[in-house]
Every structure is written in C-alpha cells, then in structure tokens.
Amino acid sequence: MEKERKIKVLIAKPGLDGHDRGAKVLSFGLRDQGMEVIYTGRRQSAEQIVNSALQEDVDVVGLSILSGAHLTFFPKVVNLLRENDAGDMLVIGGGIIPDEHIPILKEKGVTEIFGPGTLIKDIGDFIRKNVRKIA
Amino acid sequence: MDNKDKLSEIKEKRKEWEEKVLMPSAKRFGIEKSPTEFYTPLDIADFDFERDVGFPGQYPFTPSAYPISLVPRIEKGAKPGGLKRAGTYSGYGTPEDTRDYYKQMAKIMYTGGPNLALDLPTQCGYDSDNETVEGEVGKVGVAIDTLRDFEVIYEAFTGEQDLDRIATNITISAAANILVAMYIALAEKRGINMAKLRCTPQNDILKEFVSRGTYIFPPRPSMRMFRDSVVFFTENLPGVNITSIGGYHIREGGATREQELAFSMAIGIAYLQEGVNAGVDIDAFAPKFTFNGFGGSMQLFKEVAFQRAARRMWAKILKERFGAKKQDSMRIRCPLSAHIGCSSTTKQRALNNLSRSVVGAIAGVLSGGSPMAFPPYDEPLGLGWSLEARQLAEDATRIVMYETGMCDVIDPLAGSYYVESLTNEIEDAAWKGLEKIEGIGGAVTAIENGYMQRECARSAAERQARIERREELIVGVNCFTEEYELDVTTSKIIEHPYSEEKRYDAEKKQKANLAEVKRTRNNREVTRLLKELESAAKKEDENLMPLFINLAREYATLQEQCDVLRGVFGEWQLDTFV
Numbered sequence: 001m002e003k004e005r006k007i008k009v010l011i012a013k014p015g016l017d018g019h020d021r022g023a024k025v026l027s028f029g030l031r032d033q034g035m036e037v038i039y040t041g042r043r044q045s046a047e048q049i050v051n052s053a054l055q056e057d058v059d060v061v062g063l064s065i066l067s068g069a070h071l072t073f074f075p076k077v078v079n080l081l082r083e084n085d086a087g088d089m090l091v092i093g094g095g096i097i098p099d100e101h102i103p104i105l106k107e108k109g110v111t112e113i114f115g116p117g118t119l120i121k122d123i124g125d126f127i128r129k130n131v132r133k134i135a
Numbered sequence: 136m137d138n139k140d141k142l143s144e145i146k147e148k149r150k151e152w153e154e155k156v157l158m159p160s161a162k163r164f165g166i167e168k169s170p171t172e173f174y175t176p177l178d179i180a181d182f183d184f185e186r187d188v189g190f191p192g193q194y195p196f197t198p199s200a201y202p203i204s205l206v207p208r209i210e211k212g213a214k215p216g217g218l219k220r221a222g223t224y225s226g227y228g229t230p231e232d233t234r235d236y237y238k239q240m241a242k243i244m245y246t247g248g249p250n251l252a253l254d255l256p257t258q259c260g261y262d263s264d265n266e267t268v269e270g271e272v273g274k275v276g277v278a279i280d281t282l283r284d285f286e287v288i289y290e291a292f293t294g295e296q297d298l299d300r301i302a303t304n305i306t307i308s309a310a311a312n313i314l315v316a317m318y319i320a321l322a323e324k325r326g327i328n329m330a331k332l333r334c335t336p337q338n339d340i341l342k343e344f345v346s347r348g349t350y351i352f353p354p355r356p357s358m359r360m361f362r363d364s365v366v367f368f369t370e371n372l373p374g375v376n377i378t379s380i381g382g383y384h385i386r387e388g389g390a391t392r393e394q395e396l397a398f399s400m401a402i403g404i405a406y407l408q409e410g411v412n413a414g415v416d417i418d419a420f421a422p423k424f425t426f427n428g429f430g431g432s433m434q435l436f437k438e439v440a441f442q443r444a445a446r447r448m449w450a451k452i453l454k455e456r457f458g459a460k461k462q463d464s465m466r467i468r469c470p471l472s473a474h475i476g477c478s479s480t481t482k483q484r485a486l487n488n489l490s491r492s493v494v495g496a497i498a499g500v501l502s503g504g505s506p507m508a509f510p511p512y513d514e515p516l517g518l519g520w521s522l523e524a525r526q527l528a529e530d531a532t533r534i535v536m537y538e539t540g541m542c543d544v545i546d547p548l549a550g551s552y553y554v555e556s557l558t559n560e561i562e563d564a565a566w567k568g569l570e571k572i573e574g575i576g577g578a579v580t581a582i583e584n585g586y587m588q589r590e591c592a593r594s595a596a597e598r599q600a601r602i603e604r605r606e607e608l609i610v611g612v613n614c615f616t617e618e619y620e621l622d623v624t625t626s627k628i629i630e631h632p633y634s635e636e637k638r639y640d641a642e643k644k645q646k647a648n649l650a651e652v653k654r655t656r657n658n659r660e661v662t663r664l665l666k667e668l669e670s671a672a673k674k675e676d677e678n679l680m681p682l683f684i685n686l687a688r689e690y691a692t693l694q695e696q697c698d699v700l701r702g703v704f705g706e707w708q709l710d711t712f713v
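Top to bottom, those sequences are chains A and X. Taking the numbering used here, the leading residue of the first sequence gets 1, the next gets one more, and so forth. Taking the numbering used here, the leading residue of the second sequence gets 136, the next gets one more, and so forth.
Since the hints were made in silico from the structure, they are not lab data. Mixed in with the good hints there might be a few duds.
Computed Cβ-Cβ distance ranges for the label pairs, DEER-style [claimed, not checked]: (1) A:Gln33 / X:Ile166: 29 to 37 Å; (2) X:Lys674 / A:Asn130: 52 to 60 Å; (3) X:Leu621 / A:Gly109: 29 to 37 Å; (4) X:Pro681 / A:Gly109: 45 to 53 Å; (5) A:Asn130 / X:Leu621: 28 to 36 Å; (6) A:Gln55 / X:Gly574: 32 to 40 Å.
Computed far set for chain A versus chain X, every beta-carbon distance over 10 Å [claimed, not checked]: (7) Glu4; (8) Lys6; (9) Gly34; (10) Met35; (11) Leu54; (12) Asp57; (13) Asn84; (14) Gly87; (15) Pro103; (16) Glu107; (17) Thr111; (18) Asp125; (19) Phe126; (20) Arg132.
Pairs of lysine to aspartate or glutamate residues, derived as DMTMM-like cross-links and limited to a Cα-Cα distance of at most 25 Å, are as follows [said to hold, decoys possible]: (21) A:Lys129 / X:Glu603; (22) A:Lys121 / A:Asp99; (23) X:Lys643 / A:Glu100; (24) A:Lys6 / X:Glu597; (25) X:Lys637 / A:Glu100.
This structure is a prediction, so every number in the text was calculated from the model and none was measured. Even for Gly, the Cβ is constructed at its ideal location relative to N, Cα and C.
With the rest of the complex left out, here is chain X (with noise of 0.2 Å):
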C-alpha cells in the first residue's frame, strides 16, 4: 500500500472514530465539540525528513543549531557549583560599584566576562551630569560617560581573566559603535590588539524602535551606523559580534509568537542588507550575526515549534535569498533557546514563576537546545535578581538537565504529527508576516510608518483584554485568587549583591568622576575631534568607527560623540503609535 492510500485509509478511520467513539463521548459530558485535539498522518501529509527536519547542526537546522547538545559533564571527582559566569545580564551604580559587584562575584565562581548591563542615559546616549537624566544615573545598569568608566569596571578583569582572555557583552544599540570603540581604546592601553578582543554588542537598533525603545537617531543614520559595524567588525574584530538580535523584545512588547518571528526576521534581512550593499560577502559576517533570544510563553509546544520554525526559515533565508554558502552563515547563534518569557512571571504569589520557568527550561530541551529556568522568580518585584532566586534558577536548571535525563536526545518531538505540524503552521504564519513587510517596503519602513509598533500595541491590548475576559488564564491573577489562598514568599535572608544605597548615590559620584575627567583631559584635541566627526557623519560613505576610537582615547563623552550625530542624522521622536 503506498503513502496516498496509506492516508486516505487514515482519513476514513479518523471519520469512524470521530462519528463512533469521539462524539458519543461528548455527548455525555454535555459538550458539542471535543476540548481536545488529536493529530494523525493528515496533518503532515506531505511531510519530508531531509527537506522538513534534516540532522541537527546541519542546512535546515530544524531539530537544533548544533549537532551536539551543550550539556556541560560533570567528570569523576569534579566538584562543579556555583553560580553561572559572570555574564548574567548585570552592572549598577557607577562604574566603582560594578567593579566591587564582579569581585564580590568572582569568589563565589563568577567566572569568565560581564554582560554589561547599561544605565538609560547610557544606552539613549545621555551623560550622567545631564539635567534631564536626572533620577537616571545607575539605576537599570551601570553608567559609561567615558573610557574612564570601562576602566574602572574591568580592574575586576585583569590576568587570567584580561581582555584577551574573556568574552563582553555590551548590552546597548543606538550608541553600540562607540562602546565598542571605547573596548578597543582601553584593550590598546594594556598592550592588547583589538583583534585578539572578543565581546557582542547587542547592536540591534531596529527593534529598539519596535519595543525596548533606547533608539536616538532616526531608523535611516541608524542604519547606516549598523553598516559601519559590519564592515569594520569583519576587517578588523574577528572575534567580535556584529549583533545580538532580539526577537524576545518585540514578544515581550506585545507581539504575537508569528509577528514576532516574521518582524525579527525582516529585522534580520534589513541588516544582513545592509552588509551586501555595502559590498561584504555574505559569508564573510553573517557568521557573526547572533540572536540573544526569542521571545517565550507558557505554552510548550508552540514555543518548541517556534524555536524549530525560527531555525528553519532564517536558514533559508540566509540559503535561498542571500545565497549563503557556509553552514555557519544559515544557523542561529542564541544562548537561549525555548522559555517562558519574563511577562509570563507574575508579581502576584511570585515563588510560583519558579514552577513557571521549569515549564520554560522543558521547552528548551524539547526544541533542540540546553534548558534554562528563566528568568528567576523576582523578576517582577524589582531590579536585579536576588541571589536566592538565581540559586533556585540554577538548581531548577540542572534538575532538568541532570536528572531528568531530557537532554539525551536532541529534538525528542521531531515527527510528531503534532509538533511537526505547528512548525509549519508557525513558519507558514511567519512567512505571510514577512511578506506583508517586504510588500510595505521592508523592516526600516515599516518601522517608520509604525506599522510594526501598532501590530504589537494592537496584540498586547487584545490578548489582555482576554486575560480579563478569562479566556486565557493566569494562576494566582485572575483565578484562584480567594482570600483562602495562601500568599506564599521567601525569606530574604542573603543580602542582595546590589547595594541600594549605593544605587541612590550613584548620580553624585559620577557626576564628580565626570567632572574630573573634562578638568584632566586635552580639551583642545577633543573639541577637534568632535569637529572631525561631524564633517565624517555629514558623508554618508565614511566609516566613523576609527573616529570613535580616536575620540574615546581622548576620553571623549557619549553624549558628546552623540550629540554631534543628533545635529547631523536629527532624532528619533515619533513614538505614539496608538
């Protein structure tokens, strides 16, 4: 019998069992239609191993990025612990008091390099002595005004741990080139070639605009500062990433799952775009695009679809559209694989987002990548995560990872009737998404007309307004919320690494640490730098890369480089979209 007679033979035993078995079953639970699917041959008529999944590491990349799974083993008489490296997303107050953070960290098996995360003014390109900012300075991340500032915070990286030797991450996107620069600057001071330097830059300036919001200069400029990274990364910073995608914003600010897949995919092209007009080859920096994330939910197998879906169609895109001939150049480079998202957490009875992320590290392992219980458990009570919380993270990580014996088989669902046919409804979904973008004129255009931030406003507002209707239900938020219920917390024992007080103080020190800076530095060559850049921003085929190096071993500011920019590209401020 072959497959066609197969599947029709199916098709009629399906409509058997629906007339027979589902619909009396039905009727005696006083339903009209079955709250339950089920999934057959049908759903994937048309299904090809080779075309559809493939092996894992490999062209399309459906069951996972690699061909082996990452699980770190743990060898005879190891004594694995401690925390994760330092690079969990971290950094407060000034300069000074990220530095103490990554030391204090460093004797409890921090190890390895930070992922900076930046106070506003910084990443909106704002120095800490301006008025406006006020109420600003060191509070999401630490603040950067000058290559002062990157010195200070790695005193707490030298020797073992020196610049050659660790990996930065810079989480920051309208001004990415300049802290990029200022890396460069302080490397050259300890004797080290900036080729020998490793770091990713999040340098994902489109979605800013989507969600996230620390954009300054209009799309355009900001594509054209995009351009200067791909280029001058490729040539001179082979260890260094050009971005760090981030669908997981454009989700978390409202997006459905196959919005956010086909807006960070047409993110993705607009980019990757940009590195051909301007003459690079494709597989000489596509390699060096990487994803920080997707976004996440609470529903398993559609974000285990997702992941495979994801992975499937920047593939082809990189394959079929931009002819890519490296396998490196077609796979998405994400640390995170498939989780719950941090608006899935709940501040309400909030030890239960440790149950919820469990669910999350699961659908990590079930779409083809390592597992992760994130985020921790106060995500909603406050800035930074306690230490408890990422203990508890941490444990629920390894559990899953060591004792469950999940990560044994890479893609254990590929060929599920089911599971293989969401990936295709997914991508499906997304394609026609990235069609209606290309039809508007592409990612830069519809970001412009704000066709992308009215898509996830409109989608943010109708999935609450379910949630308020009770469709889609929330434990703890809208059901089960009698006063019976017991409102369960953790006690606050271990002190949190992020001094509050420092926190408050940071806008007074680093305002003098500012100041002394503009009193000790050579003015004069600043002011004339400054100039330099302006006339270089003002002709469009100029790289200013070198001229950010130049200006932040002059200890030029942020906001001076960028304030130049603003005179030159103009600012970005149409933002209601409502």
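Looking at chain A on its own, in the form it has when it is part of the complex (with noise of 0.2 Å):
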C-alpha cells in the first residue's frame, strides 16, 4: 500500500530581519508533528522563496517577520506564486503584524496570520484542515 505523503511546509525568512527564534521554533515543532519541513534561513527574497517552493513543491508557506516589511512582502510572495500557477499553495504568515495589518494581508491572498504566543498545535491543526487535498 502507497504510503500517504506527509504535508510539506517551507518556512521562510523574507527580507532583512534577523529574528528567527519563530521560524526554527515552528519547523522543529510542526516536523514533530510529521510534517516534512524546509526553512529556508534569514535574508530570502521574495523570488528565492517562490522558487524554494515550487522546487520543494510544498503544500504551505510560512513566512516570519517581525520587521515591519510584512506589507511588501507577504503580498509579493502570493502574487508570484499565482504567476507560476500555484496559487494553490497555502501561505500563511507569521511575527509582529499589527492587529489593523491581518485584514490587509488576508484579502492579498494570506489565509491566515499567527501572532506571538500562537501554539504549534494550533498551527498544525489549521494546516491540516486548509492544505490543498494531497493527491
């Protein structure tokens, strides 16, 4: 019998920020969970993490930031995953985003923003019920 694949997840770090307690915290925990994760480390542009994503072919994209670039960045990566047809790729993001911020970014195409303080159960579950059907 086929074994079922395991969901992957790309965790990345767009732009210059260099907080990454988040990032590596959420791959170590949601590999616990058994998902099969990739972090791509500090200092990715917007077309390095597309291109990470579309080579891995992963099922989620989670970006951190807690710089205040969220606004430039997180539509950007949405934007040019639909331009390489795979806008079916669940992006969700996460750091410092004012509460005023998440509305902005869900309606350019984030599903869903998990601040400080979120746990890694909680992401894993919404994951696990908004990942596109695995074939």
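Both chains come to you apart, so use the hints to assemble them.
Dropping the structure here:
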C-alpha cells in the first residue's frame, strides 16, 4: 500500500529581519507533528522563496517577519506563486503583525496570520484543515 | 562547636524534619514529593564571604558593579519628571523624521543624546536606493546612507546638547566602524575634536551570528574589523566605548540562562583576545567594554542569581585569564540589570505585561542594579512603544524606586542559602559551557560551525514544547483563556510619536535624499578613496578606521564601502542550522 505523502512545509524569512527564533521553533514543532519542513534561513527575497517553494513542491509556505516589512513581502510572495500556477499553495504568516494589517494581508491572499503566543499545535491543526488536497 | 560539626548537626536535623514533618504533610495532600524546596547552610557548605561575595563595586563584584546604587535622589524643591532621556532606543523613517522626533521629545523633558535605532538596510550595509531592500527603509529605525543623514539628525542636538556634551548610542555591529567614522566626521565639521566624543556603538558582531542576524561579513574578517575598533578607539577616542556586548539577544534568541552566560563570556573573551593580540594593554581597553544587557525571564530568583554570577565570572576572566590589574577592567558596565526579557511579554491581554515588568524591576533591585520595569507593555503589539506604555513603565520603575524602600540596601539576598547556591550553580554551568566552546576552538569557531546557533534553536524548541505541554504556564496564553476572561485594553488617545504615514513615505524620500548627495559630492574623490579602501582591506594588518573617516568626509555611502569590503572579505551566508 502506498504511504500517504507527508504535508510539506516551507518556512521562510523574507527580507533582512534577523529574528528567526519563531521560524526555527515552528520548523521543529511542525516536524514533530509529522510534517516535512524545509527552513530557508534568513535574508530571502520573495523570488528566492517562491523558487524554493516550487522546486520542493511544498503544500504550505510559512512566512515570518518581525520587522514591519510584511505589507511588502507577504503579498509579493502570494502574487509570485499565483503567477507560477502555484496559487493553491497555502500561504500563512507570522511575526509582529499589527492587528489592523491582518485584514489587508488576508485580502491579498495570505490565508491566516499567527501572532506571538500561538501554540504550534494550533498552527498544525490549521494547516491540516486548510492544506490543498494531497493526491 | 566548629562549622563542620554544625553542618552535620543540621544535616541530621534536616533528615529528621523530612521524616517527621515534611513527609506526613505531603501524605496529607496526597503527594509523594513536596513541590517546594527549602535551603539550608548545607547548600553552601564551603561559602566564603570574601571569595564568593565581597563588597559592592569591588572584585569579584558579586553584589554589584558599583559601591553605590544609582537611584537619583530628589532634592527638596526640585520638580523631577518627564520621561527618560532621548536615550530610549529610538528613531524611524528618514533622518528628517528622526530629527523632528527628537525635537518633539525635547519638549517633554527628553534630554541627553540619542540611542539610535537604525533600519535593517543600514545595519546590513545596504543603501536606501538598493532595490533588494524595498519595503525595509526607515522601518525598524532610521535610514543612514551618508554623513548627510547624520548632519540632519543631529540638527536636533546643538548648543547645550552639542556633540561634546551628549553621549550617543549607535545600535549597529557589522558596520559599526563606518558609522563611528561618520560621527567623527560630523564632529569635525562642527569643530569638535574626536577626542571629546562620547559614544557607544553596539559593535558586538559575534552575537549577530548567533541571534539578531545583522551580520555582513564572515566571522573572521568581522573580528579584524573589531580589532580595528580596539586599536583605533583606545588610541584616539577616550570617550568612546569599544563594544556593548549583548547576552540579551542570545537569550531572546532561545538560549537558556546558562547557555547565554557561557556564550556571551566566550564572545567577550574572543573580543578581549583580539585587543591583546594586537598588542594593546588589557587595562587600557577592557574598561571601555560595556554590556548592553543580559537576558531576563519571569523567574525572579534565578535572574537575580544570574546577574551575580555574570559579574563574578567576568571579573574572574579578566583577572585570572587576562591578568588585568585595574578594577575598572573587571567590572561589568551594564545599564540594565535583571529584568523579564521582551520574550516574556504576551500579545494576549497585553496590559498584563505591565505586571510582568514590575516583577522584573524588583528582580533588578535585588540583583544589585537599579530597577527598570522593562519593556513597556506594548512591546509585542508593534514597532515602537507608545507614550502611554512608556509613561506606565517609567512610573512602575519610580514606584519600585521611591515607594518601596527596596533600593536602600545593595544585594539584600547576599548570604541567602538559596540565592548563593543558585549563583554557584549558574556560574558552574556557564564555566562548563565555556569549556565546551573552548574545546571546539573558541567563540569564532563555535559560530562558524553553527554550534551556538543550533544550541539556541534547540533550547527555544524545547521551551516551546514545555509551553505546549503546559509544564510552563503563561497567563492568557496557555492557561486562564476561557471565554469569560476579559480582554482589558488601554485606550490609545495619545498620539504615537512615530507617524505611520511618514514611516511609509520614508523610502521614497530617502531615495531622493541619497540621489541628491550622489549628484553633488566629489564622485572622483569617492572612487579614489574606495580603491584605497580595497587595497588596505587586503592587508590584514592595516587599520581601516582612518580610511572610513576620509570616506565619510566625502559622503561615500555605507553600501559603497561595504561592497568594497564584501569583495575582499566575502559575505556570511551559512544561516539555517536547524
């Protein structure tokens, strides 16, 4: 019997922001929940992130920014994915995102924003519920 | 009865107490083991006051770095008030925005020099007109491209507040020397000799690789830049501190208390060694090392013990390893004592962070420093603290300072069986961690091969797992979160000192500012000096500081200089380590 494919997640740090604790902790945590996680490291451009996502054919792209550049980077990644026929990848974000920016980001195609204090268990549940159907 | 007999008597009595009092009580509660501990002289059996504690402001500095606690006294008839000096970490948008912010703050009693927060392109050595940094200009701090930008910011600091009368902090590590050179060039234009400048650049590059992340060059050439700081600053800038070492960032990045202490001491040793290798006398430059802070947590007694252990450990390193003679060389100079650490704050029911920060302020006093209710409660809510949050934090600090009487005694927990034993425990663990790093080859190697980075990530993941299992409780986050709890907020009626609009317009404006500089400067001279920088950078022994000053005078940009160095030194890219 063919084994079910693991959910594949790319955790990425767009831009120059160096706060990578959340990204790393999430990488460990989702891995513990049985997902396959690739962490890009810091200082990734939107193009680099999308390239990695396409190359690895991931199901989820998780973006982490604590520097205030989310309004630029998050929509840029979503748009580039769509341009590359990967609009079905689930894009989620986290970091220091002011509440008033959350609806803006959701409207631009980021499915959910997870702020400080979120339990990884809840992020995992959200991914399992919302990820594209795996063939 | 001598001490030994006394101890064995206590040992016997403790055993008796456990059997006859403690266990029956536990049994009544239906538990096997008591959840609470009790410490006795047995836990510090070989305690020696002079060796382990000593007097405040004197080796081994366990009680405090200074003989007197620095609580500002309020004289009769004086009207103290206002928020802190401009020295709160601040700055945003264009240099004009930051200048105007400081002018506005001066009206509400902010005095003294600025503690400049720089945007990420500046910290990472990119100019505002670089396409790859779009969206980041002026975000987490002010954008600096050339000397022109310093000229604009410091329009807010003239006369009584001129450069020879204020102290500036510049929070930058990778390109610290280039920014200090701009500061020197600015002073020169105002007719102020660099020997009169007071300034602290962060200049703590090694921790950037472990956490925080604003590195540019690989660790080894970065250390060569650090050597340049030690040599040039010691010779020419008596009022400029060489570095402001941050264990804080390492803890916030995920390290445990013990890892933080081991790593930051290893990093400090690497910096000291650079100076020694360059032939500078340890007592000539070690007093110009500062620490911007160690990490914190909600665990009050452990943080108190941590601060005591850190002071004692650094003092021993300086005295025993580096042969320092001056007390000033052995003292940790650090504005922040024990506190809760920003990562202890929660976005959930954020006003609770005020209560948390008070615990930190109390820990600060008990740890032999001055109290600071840090950070303001809105730390996890966005970029930049609101004035309400700063007022509340300031008042919380004042309440601890002036209403509690806690500041009347330095290190009131000295001699406590528990705290002395904890202090020993933390210091011992840190020495073991330090030995391990030295076994690897020292801090630089332990960063190049990712050891410190991996350790931090692992500890952060372990802590998160404990939070998820509810072994560690955080009110409003993983417990007490039922729907009948109220989400108490403050009303934001006072305007934030940073204009959101300006922050988002900054990129466009700063690009125009930079274009104007590039149009009007002597480009031929800039090109010539950049070539000079390149050949100097290739010679390991050359000190690049004089060249940075020449380049600053000619309005060479930060990135132009960093690009030349990138070409010679390379760039650091190994970063994942998970």
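Hint by hint, here is what the structure shows:
1. As the Cβ distance of A:Gln33 to X:Ile166 is approximately 33 Å, the hint placing it in 29 to 37 Å holds.
2. Checked against the given bound of 52 to 60 Å, the beta carbons of X:Lys674 and A:Asn130, roughly 57 Å apart, stay inside it.
3. The supplied range of 29 to 37 Å is met by X:Leu621 and A:Gly109, whose beta-carbon atoms lie about 34 Å from each other.
4. Under the hint 45 to 53 Å, the C-beta atoms of X:Pro681 and A:Gly109, about 52 Å apart, fit the expected range.
5. Between A:Asn130 and X:Leu621 the CB atoms are about 30 Å apart, so this pair conforms to the stated range of 28 to 36 Å.
6. The given range of 32 to 40 Å is respected by A:Gln55 and X:Gly574, whose C-beta atoms sit roughly 38 Å from each other.
7. Listed as outside the interface, A:Glu4 is consistent with that label: its C-beta sits roughly 24 Å from the nearest C-beta of chain X, beyond the 10 Å cut-off.
8. A:Lys6, annotated as away from the interface, keeps every beta carbon of chain X farther than 10 Å; the closest lies near 17 Å.
9. The claim that A:Gly34 lies off the interface holds: its Cβ sits roughly 15 Å from the closest Cβ of chain X, which is beyond the 10 Å cut-off.
10. No Cβ of chain X approaches the Cβ of A:Met35 within 10 Å, the least distance being about 14 Å, so the stated non-interface status holds.
11. With a closest Cβ-Cβ approach of about 19 Å to chain X, A:Leu54 is found to remain outside the 10 Å limit, as its non-interface label requires.
12. For A:Asp57, the condition that its CB be more than 10 Å from all CB atoms of chain X holds, with the nearest at approximately 19 Å.
13. For A:Asn84, the condition that its CB be more than 10 Å from all CB atoms of chain X holds, with the nearest at approximately 20 Å.
14. No beta-carbon of chain X is positioned within 10 Å of the beta-carbon of A:Gly87; the least distance is around 22 Å.
15. Listed as a non-interface residue, A:Pro103 keeps its Cβ farther than 10 Å from every Cβ of chain X; the least gap is roughly 16 Å.
16. Every CB of chain X lies more than 10 Å from the CB of A:Glu107, the least distance being 18 Å, so the non-interface label holds.
17. Under the 10 Å C-beta cut-off, the non-interface status given to A:Thr111 relative to chain X holds; the minimum distance is some 20 Å.
18. For A:Asp125, the shortest C-beta to C-beta distance to chain X comes to about 12 Å, beyond the 10 Å cut-off, and the non-interface label holds.
19. With a cut of 10 Å on Cβ distances, A:Phe126 stays outside the contact zone with chain X, its closest approach being about 15 Å.
20. Residue placement check: A:Arg132 keeps its beta carbon more than 10 Å from all beta carbons of chain X (closest about 25 Å).
21. Under the criterion of a C-alpha separation no larger than 25 Å, the hint pairing A:Lys129 with X:Glu603 is consistent with the structure, at around 20 Å.
22. Proximity of A:Lys121 to A:Asp99 is assessed by CA-CA distance (about 22 Å); at most 25 Å being required, the pair is judged to hold.
23. Between the alpha carbons of X:Lys643 and A:Glu100 the distance comes to roughly 23 Å, so the proposed pair stays at or under 25 Å and holds.
24. For the suggested pair A:Lys6 and X:Glu597, the alpha carbons sit about 23 Å apart, so the restraint of at most 25 Å is met.
25. For the hint linking X:Lys637 to A:Glu100, the alpha-carbon distance of about 18 Å falls within 25 Å, and the restraint holds.
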